[in-house]
Amino acid sequence: MSVEVIVSDLGPFKGKHKSTLDRNAINIVEAPNAFGKSSFIKCLAASLGLPAKSRLSHDVACRLGLLSQNPTGRNPLVNLDSDRGSLSITAEDMTRTLEVPAHGAPKTKPKGDDRFLITGLLLREGEIVRRLDEGTDDFSWLVSTLSLSSNYEDAKRVVEEYQIDTRDTIELLKERRKSIENLLPEIKKLGLKRKSLRDKRNAVESKLAEVLDPDPDAMKEIEEQTRRRDGAEKVIEELRMKLLDAEREKGSAESEFRSLKNRVSEAEKTIKRVQSKLEKLPTRKEVQESEKEARGVRKNIIPDIREEYGRLRAEIDLLSQAEQWMTESTSVPCPLCERVHADPIGSIPVDNFSRALSDVRDKYRDTQTELAREIQRAEDLELIGIDAERKREKLEKEKKSHASDVGMWKTSFIRSEREFKSKSKLVSSIQEDIEAKEKSLQDAKKSLKQLQKQFGGDKREKLVSDIRKVESELARVDTKISGLERETSNQRSFEIAGRSLELEKALLIQESWYNLLSALIDYTDSAIMQQRRGAAQAFNNHIMRLVEEMDFGGLRVWIDESSYELKVQRETESGSSDQPISSLSTSERHALAAVLTLAAKEAYAPDIPFFLVDELLLDFDDRRLSAFLGYLKDAALRKDQIVIVSRLGGSRFKVFAKEGK
Amino acid sequence: MTKNMIELLTDEVDRIVKEGATEDELRRALDNMFENIMRKELNE
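Protein chains in written order, with my numbering: chain A, 47 to 707; chain B, 38 to 81.
Read the hints as simulated data drawn from the structure, not as lab findings.
Quick caveat: nothing in here was measured; it's all calculated off a predicted structure.
Beta carbons are placed, not taken as given, at the ideal position from N, Cα and C, and that holds for glycine.
Treat the hints with care, as some may be off.
[What the hints assert, rightly or not] Far from chain B by the CB rule (all over 10 Å, computed), these chain A residues:
hint, residue
1, His63
2, Thr154
3, Leu324
4, Ser623
[Claimed, not checked] With a straight-line cut-off of 20 Å between C-alpha atoms, the simulated DMTMM-like cross-links for lysine to aspartate or glutamate are:
hint, chain 1, residue 1, chain 2, residue 2
5, A, Lys443, B, Glu62
6, A, Lys551, B, Asp68
7, A, Lys679, A, Asp597
Next comes chain A alone, as it looks inside the complex (with noise of 0.2 Å):
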């Protein structure tokens, strides 16, 4: 059985080449240096693994060569002279395509899973050979990705970002409930003040009604004005509690309608901004011209450009063929003018050539130069539609969904709008009652004054004095009052999520959420730890047997399940000895990053045919490279893979592989 394999406009390879390779074997890709064997491997790579949803797999595919690290950059696997590349895989009815435009994401179809990257692949740049180089022994980032521990690492940053915040809310919402137990009581204590200046106002004005004339009628007055005065007194009293709740709920009113304004005038706004921005796109006759321009390019520089640039490349060919010819050779004939010449290096001016060869090379590295330029420049104006094209879609994509909140927002606003006009008018009603209640107990002040002036005379006077002095202390601390209670009031409401809350319940809510924000992060530490402790006994069973399979010299190697650090032990007639990483030569290393590998593979990733080698084996000693193959090649054969091994220099192995293409 084989599985064809068609690469187009990649790597260095120009237009269609076709490849067949064998399943249940391990196929060999030689070609001489700089002939695309590497590429070959990337693209399979690619195809296999990309898109890339881990930092980390994005960073392996960076540096692997399959991804550009600059994201508008030119995708590296696209050959130099297209503007889009391709590779499919077709195995009996089933294919899987790889196309790559020059600039933007690869797309495969169906997905790759990039846990490929990590595990099918043994290459130099390798993310499990590179950590082996550094030396390093953790090797937690690898049971991570390997398992969901990463995923739920990602969900706990978030779920902790979340938590942080809460505690924030909730420590402000402590601050405000201390405060407002500090003020109330500073209330009470006026409160009790305010009663005993009224006790000592009564008592004074008991005093002075003994004194007064027995007048009945006036007696009779100074009652009645005494009674309207308490009795204006008491209902203010009400009235102001009253005034309290209703500009508590004017308040909470006001805010919600005021951050639904806010939210509608800011969506409108933005509405605004998109729709400016939709009319300084390129328009169609704009683009038309872009496009003509392009051709223009495509068809008339770039093709003299390319013209030129062989002919240059000719000359340098045939200067480099002179060049060499003038220091080996006597009997051939010149390159130049097919003539033998006795004395090559005398027959030609050797400064006029070399002056001319270096003047040639300078115009091909110029043509070179201008060539990518008007390439760029084409590429830059056919991509002026595309951009447009792909921008007003996301900017009216915005624009919808601005339009449908604000037409969301606006019932609410309008709704929040009616109360906090409803509540408005009723602060004002209760403002009104207050000030006509006021004038009203200001009236019947100013008569009880005049009738105790009129009927106590002058030895009253000293008690007249007193009531005054009382009164004024009573207005001061009924206004101290006022101001704390307002202050409690404005303390008590606490808006979260655009709705106003009294302060008891906004910190139940947000008690709430915290407990619960904690018990999702200790759910997702044992979730962590459950995946990666799992991740390492699978790939301990996995390592334990290929290196048994493998017979690796005498090397015990595991994952610490709970430190998951890499452990190497040596065997030795005296025992075993702990080995570090950075004690191990190249070849062990590179060996036991083959090891690794397969094992992450065969534990994580064992329904992805493909195991793609590069010369990394050639750092193997003769019996390690043995061991390795055959178990490659049994691999294979038993478990239906592809195993694609680049440039196994020399004869050595081949004993062990099938020739492919």
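We have chain A; now place chain B onto it with these hints.
Leaving out everything else, chain B in the frame of chain A:
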């Protein structure tokens, strides 16, 4: 906070993690759950 709410949220996290969904989806799920808690406490 009830056991039911924790279960709902852990189930949601499990689903998001297993589907390899985005961070935004998790944030949306957390925001929805907070909204539910608030409504419940406000008896809405």
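Status of the hints after comparison with the structure:
no.	hint	in the structure
1	His63	holds, 34 Å
2	Thr154	holds, 15 Å
3	Leu324	holds, 25 Å
4	Ser623	holds, 41 Å
5	A:Lys443 / B:Glu62	holds, 19 Å
6	A:Lys551 / B:Asp68	holds, 18 Å
7	A:Lys679 / A:Asp597	holds, 16 Å
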